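Asker: So the sequence shown is numbered by the working numbering: it starts at 87 and just counts up by one.
Be aware that a few hints might be false.
[Stated by the list, open to error] Derived lysine-lysine pairs resembling DSS-like cross-links, with alpha carbons at most 30 Å apart:
1) K146 to K96
2) K142 to K102
3) K129 to K96
4) K129 to K146
5) K142 to K129
6) K142 to K96
7) K129 to K102
8) K102 to K146
[To be verified] Computed Cβ-Cβ distance ranges for the label pairs, DEER-style:
9) A114 to A134: 14 to 20 Å
10) F128 to N89: 24 to 30 Å
11) S126 to K146: 23 to 29 Å
12) E138 to W97: 17 to 23 Å
13) N89 to D115: 17 to 23 Å
14) A114 to A152: 23 to 29 Å
Everything labelled a hint here was simulated from the structure, so no lab data went into it.
Computed from a prediction, not measured in an experiment: that's the story for all the values here.
Think of the CB as a built atom: it goes at the ideal place given N, C-alpha and C, for glycine as much as any other residue.
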Amino acid sequence: MSNRVTGVVKWFNESKGFGFIAPDDGSADLFAHFSEIQGSGFKTLQEAQRVEFAVKQGPKGLQASAIRPL
Numbered sequence: 087m088s089n090r091v092t093g094v095v096k097w098f099n100e101s102k103g104f105g106f107i108a109p110d111d112g113s114a115d116l117f118a119h120f121s122e123i124q125g126s127g128f129k130t131l132q133e134a135q136r137v138e139f140a141v142k143q144g145p146k147g148l149q150a151s152a153i154r155p156l
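Using the sequences and the hints given, assemble the complete structure.
Answerer: Pasting the structure below:
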């Protein structure tokens, strides 16, 4: 599951540091944690922002990893 996929941020809570991404392939929404956002500076995502990411198994199911804004 290390292939890169694209999707759109459904929502992201900056104060809590997490949100969800809707993959373009129509599969289930994926948990997104700020620690997986690539880049420097303040790590956040905006609603409706397009992103590229990998999918990995997290403690509570599949989640987005190595998230990169497009």
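Asker: Determine which of the earlier numbered hints do not hold for this structure and return their numbers in increasing order.
Answerer: Of the numbered hints given earlier, the structure breaks just one, which is hint 14.
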